[in-house]
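Q: Based on the sequences and whatever the hints tell you, model everything.
Protein chains: 2
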Amino acid sequence: MKFRLVKKSRESYARAGIITTDHGVIRTPVFMPVGTQATVKTISPLELKKMRAQVILNNTYHLYLRPGEHLVRSAGGLHRFCSWNGPILTDSGGFQVFSLAELNKITPDGFYFQSHIDGSRHFFSPEKVVQIQRDLGSDIFMVLDECLPYPCEYAAAKRSLQLTLDWAKRSLQIFNATKSTHGYDQAMFAIVQGSTFIDLRKECTRKLIEMDFPGYAIGGLSVGEPKDDMYNIAAVCCDLLPENKPRYLMGVGKPEDLLESIERGIDMFDCIIPTRNGRNGTAYTSEGAIVIKNATYREQFIPLDENCDCYTCRTFTRAYLRHLYQAREILVLRLVSYHNLYFYLRLMENARKAILESRFSAWKKQFLIRYLKNK
Amino acid sequence: MKFRLVKKSRESYARAGIITTDHGVIRTPVFMPVGTQATVKTISPLELKKMRAQVILNNTYHLYLRPGEHLVRSAGGLHRFCSWNGPILTDSGGFQVFSLAELNKITPDGFYFQSHIDGSRHFFSPEKVVQIQRDLGSDIFMVLDECLPYPCEYAAAKRSLQLTLDWAKRSLQIFNATKSTHGYDQAMFAIVQGSTFIDLRKECTRKLIEMDFPGYAIGGLSVGEPKDDMYNIAAVCCDLLPENKPRYLMGVGKPEDLLESIERGIDMFDCIIPTRNGRNGTAYTSEGAIVIKNATYREQFIPLDENCDCYTCRTFTRAYLRHLYQAREILVLRLVSYHNLYFYLRLMENARKAILESRFSAWKKQFLIRYLKNK
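Going line by line, the protein sequences match chains A and B. Under the working numbering, read the first sequence as residues 238 to 612, first letter to last. Under the working numbering, read the second sequence as residues 238 to 612, first letter to last.
These are calculated hints, taken from the structure and not from any lab test. Backbone N, C-alpha and C fix where the C-beta goes; we use that ideal spot for every residue, glycine too. Hints are supplied without guarantee of correctness; some may be wrong.
Per the computed footprint, the stretches of chain A lying under chain B, defined by three or more beta-carbons under 8 angstroms from a beta-carbon of chain B, are [what the hints assert, rightly or not]: (1) 299 to 312; (2) 532 to 539; (3) 546 to 556.
No farther apart than 30 angstroms at their CA atoms in a straight line, the calculated lysine-lysine pairs in the DSS-like style are these [what the hints assert, rightly or not]: (4) 439/A / 244/A; (5) 287/B / 278/A; (6) 612/A / 491/A; (7) 286/A / 287/B; (8) 491/A / 245/A; (9) 286/A / 530/B; (10) 286/A / 286/B.
A few chain A residues that face chain B, going by a derived Cβ cut-off under 7 angstroms, partial list only [said to hold, decoys possible]: (11) 274; (12) 276; (13) 279; (14) 318; (15) 320; (16) 560; (17) 564; (18) 566; (19) 567; (20) 568.
A: In structure tokens:
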């Protein structure tokens, strides 16, 4: 993996770059559609191409449990398994062990946990998670990290920091001692933790920089902390992080969060919002989010977003989509998910264009006035 | 609507024809994907075009209840509402009143029933159902009929026959006294009933022929009767029906049923099997049906059907599809439904080609040897 910084904004920390992987290039800022179980829910790989998705995210915890990394390895890796031939990033499973599984014990060695599917017992160590991701064959993968809840005591966050740094070091050792399972290049990113404590975040960032990872993620945010904390931590970390490496804000967020974070120096995002909220009937449009099941849309024979040229908006009316939702038809889950992902991807493309043309902050302001006007 | 008989088989009653509607032509024999609630479940109109669907079926009972024919009328009719610009056939709702709703009373006037959705009370008469279908704006629609259960007493079937004929006549009167709501041509087909009693079927067929409908459906089959009864009744009706009008066997069936019925003179089919069974994980292939969730497919890195060139088969392995099924991912419902519809549509295309090339019976035999070999 290589990263090249193409443009730095003068008026903010916004930047545009290019990540090159063996499965293709990624132009940043980038939003990565989430394909938890080796599928972006309801969406086909062909549709991902059509909406110009550049990279998708798969989930190590989920794929380890089902179908298992050995099956994916037999299939020739994730790209072949799910027929997505562009870049794939996997997260380490640390977040899911906390949020989804039953965590039985955490030791300096790793996590002991029980599967959310069948209660079976498992163990994740930094080393094991590297090997799983070797077998899955993602282009970019994450070190195992401890994701803290919010709020979190300072002492607990400080203790955890040491674990995070220790695990990052061990991850790097095993990474360097092993080879790609499937022959192509893989890069491993570190994850900055430290809860909402600025000094811990700074310390974590500095020590991870010393270890010289090819990219850095900021984890443990979007877990309930105030938005200003999130933006502030993103800014503090970006300020320290080396310019020539990509920065990935994990699990964020809403359209406005993405723009605020880009302005603070973030390059990469992933979030379930466009797909999960899409399945729940929320569509993101240039004039804000709308809840398509509401009766107000019953006879609106206009698209979800009149400024959108996605398949859903070119083809269907709000009235029809609402009917599908009322009638519990699966098609609407696809159509709204597709639109939402398309909306997010265009937002990132437009942000990049604005950065390249030195007008990011003005563009962002214009977008947000319209986007937030009904709030 | 016009029907032109293009070719009659010499060795059987199989035939190829062309139905022309204001929304395009339909080459018969034809399978019509079922889009109950103005959507073929999980499948987009674009995909229907790609799989070369010629005509889809929508359901009067369902659309009357939700979203209501008035909303569809406001939308400009079904084609605009659901963005399918090819021909649409609607069935009359008679079958659903029996199978789905709570039927409260049947009188010479019509059906009193309660909605399966909310228990609300409704009334369907032949006249009302014609008006609903005028507003829905299907290209071909059906008269209201009484669909009998199987088995059925002879006396009950005989009584019902009179109602069917009486309602067909009333349907024709109201049809001729009304105009298309949306400006384009609509044709109304009669439905032959008579349970499994050959003499009643013959009587019904003859009397409906006297009324001179532009097409004839055979209803009340595929409701539990032996297959031989179904094939036999199809043959008896086709033998009487005029050559220059299309014949539609309602609600049938499995691939082998379609071929047997084509051989007996049927032109049109609809069935939920490819989509419903697709969602349940059954895929139809050139070597028979397979249940993709079975463990035997866990590591089969081959397509559902190696002889199929649909998107699903060109792109995904059985192992991946099984994973999606195990992981309860919506994408698999789409992918298997798509494959199954593609399989059915290709089966009909191949049948037509064989008829045109005077080799239908040999082709059918070859297909069935392979298709049924694992049974």
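Q: Hints first: check each against the structure and report whether it holds.
A: Against the structure, the hints come out as follows:
1. 299 to 312: holds (count 6)
2. 532 to 539: Since 3 is at least three, the answer is holds.
3. 546 to 556: holds (count 5)
4. 439/A / 244/A: The given pair, whose Cα atoms are some 25 angstroms apart, holds under the 30 angstroms limit.
5. 287/B / 278/A: Since the Cα atoms of residue 287/B and residue 278/A sit roughly 22 angstroms apart, the hinted pair holds (cutoff 30 angstroms).
6. 612/A / 491/A: holds, 14 angstroms
7. 286/A / 287/B: Holds, because 17 angstroms separates the two Cα atoms, which is no more than 30 angstroms.
8. 491/A / 245/A: holds, 23 angstroms
9. 286/A / 530/B: Given pair residue 286/A, residue 530/B holds - Cα atoms ~28 angstroms apart, limit 30 angstroms.
10. 286/A / 286/B: holds, 20 angstroms
11. 274: holds, 4 angstroms
12. 276: Holds, because the Cβ-Cβ distance from residue 276/A to chain B comes to roughly 5 angstroms (cut-off 7 angstroms).
13. 279: holds, 5 angstroms
14. 318: holds, 6 angstroms
15. 320: holds, 5 angstroms
16. 560: Hint on residue 560/A: holds, closest Cβ of chain B at ~4 angstroms, below 7 angstroms.
17. 564: holds, 4 angstroms
18. 566: holds, 5 angstroms
19. 567: holds, 5 angstroms
20. 568: holds, 5 angstroms
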